[in-house]
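These are the residues of each chain, in order.
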Amino acid sequence: GAGVSQTPSNKVTEKGKYVELRCDPISGHTALYWYRQSLGQGPEFLIYFQGTGAADDSGLPNDRFFAVRPEGSVSTLKIQRTERGDSAMYLCASRAGTSEYNEQFFGPGTRLTVL
Amino acid sequence: GNSVTQMEGPVTLSEEAFLTINCTYTATGYPSLFWYVQYPGEGLQLLLKATKADDKGSNKGFEATYRKETTSFHLEKGSVQVSDSAVYFCALIPSGYSSASKIIFGSGTRLSIRP
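Heads up: the sequence lines are chains A and B, in that order.
Residue numbers 1 to 115, in the working numbering, belong to the letters of the first sequence in order.
Residue numbers 1 to 115, in the working numbering, belong to the letters of the second sequence in order.
Bear in mind the hints are in silico, worked out from the structure with no lab data behind them.
Note that the structure is predicted; figures quoted are calculated from it, not measured.
Please note that the accuracy of each hint is not assured.
[Stated by the list, open to error] In silico negatives: residues of chain B with every beta carbon more than 12 Å from chain A:
#, residue
1, 4
2, 18
3, 28
4, 32
5, 42
6, 43
7, 85
[To be verified] One side of the interface only, derived from the structure: several residues of chain B facing chain A at Cβ under 8 Å:
#, residue
8, 47
9, 51
10, 86
11, 89
12, 102
13, 105
14, 106
15, 112
The beta carbon of each residue, even a glycine, is placed where N, CA and C say it ideally should be.
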């Protein structure tokens, strides 16, 4: 079956611009996560959705970052007034159910470059 | 706080060599421990996991044992292949976060296998 998909695969933007990154989770997965991976580092947690609501947004670095999941499926990560330091790979993962023992499945990521 | 420290790479080995990638963690309670792998051009995949002390996770010839006394989860494989070339991430999910289950990753170890 289809895995987690993310679009676009690459995004180049200029400092100060607004960007949206999209995640399509595995069908039926109620849990959705966003992570950010800087070059040479491991992914870092940004935000977690269970259904439509953001259950934990403690990883968002500041108020320029926002994410939505209005129908409990597709999610969009939104970054306002982008800065060069926002350049990274943005990963989305989805998980079935609520058990922490269920595997999180990762998408291929969106590489964001802010010039 | 919770953190994961793993062996810095890159690690270069010849085919059929023995592999060890060291990983230690800091966490309260009893976290679940994981190894993820990222093959070139692909998304993160779960390689193996262990959810309690003395558990051994295994998959594709790789093994890791959850050692609470040394807070370690070292990855081993007896005979590596060229197809094992990838970046390996040690990770944990802290206990007590059963609804969020955000993954905390190490910085990754790049493994290259020479034919």
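Hint check results:
1. The claim that residue 4/B is not at the interface with chain A is violated, since a C-beta of that chain comes within 12 Å of its own (minimum 8 Å).
2. Every CB of chain A is more than 12 Å from the CB of residue 18/B (nearest about 25 Å), matching its label as outside the interface.
3. Against chain A, the non-interface label of residue 28/B holds: every CB pair exceeds 12 Å, the least being about 15 Å.
4. In this structure residue 32/B is not separated from chain A by more than 12 Å, as the shortest Cβ-Cβ distance comes to only about 7 Å.
5. Listed as outside the interface, residue 42/B is inconsistent with that label: its C-beta sits roughly 7 Å from the nearest C-beta of chain A, within the 12 Å cut-off.
6. Against the 12 Å criterion, residue 43/B falls within the reach of chain A, whose nearest CB is about 4 Å from its own CB.
7. Chain A leaves residue 85/B outside its interface by the beta-carbon criterion, the shortest separation being 17 Å against a cut-off of 12 Å.
8. Taking 8 Å as the C-beta cut-off, the interface hint given for residue 47/B is violated, the closest approach to chain A being about 11 Å.
9. At a threshold of 8 Å, the smallest CB-CB gap from residue 51/B to chain A is about 6 Å, leaving the interface hint in force.
10. For residue 86/B, the shortest C-beta to C-beta distance to chain A is roughly 14 Å, which exceeds 8 Å, and the interface hint is violated.
11. Evaluation of the residue 89/B hint against chain A yields a held restraint, the C-beta minimum of about 5 Å falling below 8 Å.
12. With its C-beta approaching chain A no nearer than about 4 Å, residue 102/B sits inside the 8 Å limit, and its interface hint holds.
13. For residue 105/B, the interface hint holds, the least distance from its beta-carbon to any beta-carbon of chain A being 3 Å, beneath 8 Å.
14. With a cut of 8 Å, the hint placing residue 106/B at the interface with chain A holds, because the nearest CB-to-CB distance is about 5 Å.
15. Taken as an interface hint, residue 112/B does not check out: its beta carbon lies about 15 Å from the nearest beta carbon of chain A, beyond 8 Å.
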